[in-house]
Amino acid sequence: MSPTEREIIRRKLLIIAENLKALEPIMNMTSEEYISDVYKRKATERLLQELIEAAIDINSHLIVQTGHAHPMIITKAL
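All you need for the working numbering is the position in the sequence shown, starting with 1, plus 253.
Source of the hints: derived by calculation from the structure; they are not laboratory data.
Please note that the accuracy of each hint is not assured.
[Claimed, not checked] BS3-like mimics (lysine-lysine), calculated; alpha carbons at most 30 Å apart, straight line:
#	residue 1	residue 2
1	K274	K295
2	K293	K265
3	K274	K293
4	K265	K295
If you're wondering where the values come from, they're calculated on a predicted model, not measured in any experiment.
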């Protein structure tokens, strides 16, 4: 793996770590508090979306590194 590839993965892992930390206060909210605050819900959705996208990017990158086809190519073929 090249230094550039390592840096890409490092940045994606940083996004995951930062978003998990940003989600910590949400975990302390009651269901009622969470449901009643549209801004907290939308922020949570966005943080989770970024986190999941970063995880998918890392996994896709590692799959290609092992010599397999990129998952998007396989999906488009189906």
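Against the structure, the hints come out as follows:
1. About 16 Å separates the Cα atoms of K274 and K295, which keeps this hinted pair within 30 Å; it holds.
2. Straight-line distance between C-alpha atoms of K293 and K265 comes to about 23 Å, which keeps the hinted pair within the 30 Å bound.
3. Using a Cα cut-off of 30 Å, the hinted pair K274 and K293 holds, with the two alpha carbons roughly 15 Å apart.
4. With a CA separation close to 21 Å, the supplied pair K265 and K295 stays within the 30 Å bound.
This entry satisfies every hint, going by the numbered hints stated previously.
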